[in-house]
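Enquirer: The listed protein sequences correspond, in order, to chains A and B. All residue numbers for the first sequence refer to our numbering, where the first residue is 1 and numbers rise by one. All residue numbers for the second sequence refer to our numbering, where the first residue is 1001 and numbers rise by one.
Think of the hints as simulated: they come from the structure by calculation, not from any bench. Ideal Cβ positions, reconstructed from N, Cα and C, are used throughout, including at glycine. Hints should not be assumed to be uniformly reliable.
Stated by the list, open to error - Per label pair, the in silico range of CB-to-CB distance:
hint, chain 1, residue 1, chain 2, residue 2, range
1, A, Ala87, B, Ala1417, 32 to 38 Å
2, A, Ala111, B, Gln1311, 40 to 46 Å
3, A, Lys82, B, Glu1403, 36 to 42 Å
As the list claims (entries may be wrong) - Derived coverage of chain B by chain A (criterion: at least 3 residues anywhere in the stretch with Cβ under 8 Å from a Cβ of chain A; other residues may be distant):
hint, segment
4, 1325-1333
5, 1361-1370
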Amino acid sequence: MSAVLVADDEAGMRETLADILADSGYGVTSAADGNAALDAIRNNQFDVVVMDIRMPGRDGVSVLREVGTPPPRVILMTAYAKERHLAEAREKAFAVVHKPFSVPQLLDLVASAVRAAT
Amino acid sequence: MDQVRDGDGAPRSWRGGRLLPAAVFVTLALAAVVGFLVVRSNVGNQNRRLLRERTGEVALLIQSAVSNLPTSLQPLGVAQRLGGTQAFVKEANAQASHNPTDTIALVRTGAGPPTVIAAAGLAPIFPDGTALTGVPATAIASAEHGKPTATRVFRVGQTRLIGFAVGAPATSPGRAVLIVAPIHPSPTATHTVTQQRPFDELDVAVYAAPRPEQSQLVLTTTKAPLTGDVAYRRIPVGDTRWLLAAKARDPLGGSFPGAVPWIILAVGLFGAGIATGVVLSFQRRRDYALALVDARTAELNASLEELSDTQARLVFQERLAAIGQVAAAVGHELRNPLGVLTNSLYLIRTALPSGDTGRIERHLATAEREIGAAVVIVEGLLDFARQSEPELEEFDVDELVDEALSVAAPPVGVDVARRRLDDVGGVRGDRQQLRQVLLNLLTNAYAAIEGEGVVMIDAIADGRRVEIRVSDTGVGMDEDTVNHIFDPFYTRKAKGIGLGLAVTRRIVEAHGGTIAVRSAPGEGTTFAVRLPGALVPSAETPA
């Protein structure tokens, strides 16, 4: 079973994504902000991380910058067209998706990230 | 210069009027001419007065000379009366030897024409026994009445003659003496006697008649006839009158007074020219200045118009930018609840075949919550856009805080403390709007606290003013953030539209109050809302 971390400060997004991914057969861990996400990544082995960019404490791009090697496959989410570090996000992340996104497409992305990781 | 003469400049110069310099010139020139005429008239009058005086003097001289003539005849009369004809002839010859051209005749008067008894002189005009007719006879007839008389000028052959007659009592009755002398009224003949005043200043002519008859001219100092300013004076000679005509050789007042009017005219005309030049110069300068002002005003107007256009464009662009800012803020902020809704709907769809109503209910609740979040975002925008006047009512501050806390309950780890709210009691204000203020301040305070902390709600009454403070023990703000905290669309949160405090301030100011913030990084934040005159006196406080 592939391990996935869902990190988003919005409870609704975090919970629904966790439910969707769990339903699809992933082992899901949740984090409510950037620092918690960084801790979780450092302390666990995730195949894929699905993470919001804008979070209190530490944003998604900053988390991506801080994680050691080998970095997990990270799918970044954003609600904003003009994200400050969008170029860096696209470069370092496996994918960047814009909210609201199609759930089947996200699942496809997660699946391909998992395949790429193994 | 050419620039401003073009366009508006040219007509403007006509506005100044080209009549003014002409008027100035004409006026001054007229004044000069009038001055010239007046002074010349005065000088002329003066000269004429002097001429009259001099002529009078000359007339007196001539009159005195003429009146002496009978006196010179006296010895002849005496000789005739005492010594008879022989004595007369002797005396007459003695006198004629001094004036060789004279003829001195003793004439018998009475019945018939006067007849010459004896004539003396080198070449007597009248031989003895001549019966006199014409002018001499008339003069002798007058002399018989006792007055010495002068004859008119008369001719004998080519010789022009004048004579004087005297009768009794200078002579014996029936006798008269007649002296006749040729006259040559040429200028040269008289020059020797006209070297002294008053003759030296005048040209004179003497007529042996009361009118200037050329045939009666006795003497003259000039060959030319007297014309122009001529003074006349009649001189009594016996029972006839002679005429003296006189004309000044040079202006009697001197040559300078005669020049004065011309000087006045010249100076006046010159002055008029100068004044006209000065007026023209000033007019030209003024025209130039006015044209310059016109040109500059036109430039300024054009600049102002351009500025106004630019400003309008800027305002329009700013408005567009603001609209863009609003659209972006709202649009992006709505993407979060929309994303959650999408997820929830997906989960509901996948749960439907299983018939797991528990799961479906849970996802529906999530969807409803997100719709609520979206509504809050939209309402925040509407609150900002709406400029509604406060609807005043009286209520308890304590109750308002209860309402706000029930809507925005403190998150886990945050405690809410309340101080002195009971003491304040009733206030007057828009309940809905002031609850919104409290809600905004509370949610900001909650957001500022990371982990655990305290939010304090405090109220202070001062006269009729009430101050409500919301403090937190959160992260605090730096100076730059404090300076912009009330700006619309300014947010420090990772998410949020940035309108909460802008709306808050607007509501407080609509109540005539103020809102202040005090904060420093790591020292928490305090917002103080001051509402003057909002406090309801305790007697009126609702129970």
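Enquirer: Would you mind marking each hint as holding or not holding in the structure?
Expert: Outcome of the hint check:
1. A:Ala87 / B:Ala1417: 32 to 38 Å: With Cβ atoms ~46 Å apart, the hint is violated.
2. A:Ala111 / B:Gln1311: 40 to 46 Å: violated, 57 Å
3. A:Lys82 / B:Glu1403: 36 to 42 Å: Holds, at about 38 Å.
4. 1325-1333: holds (count 3)
5. 1361-1370: holds (count 4)
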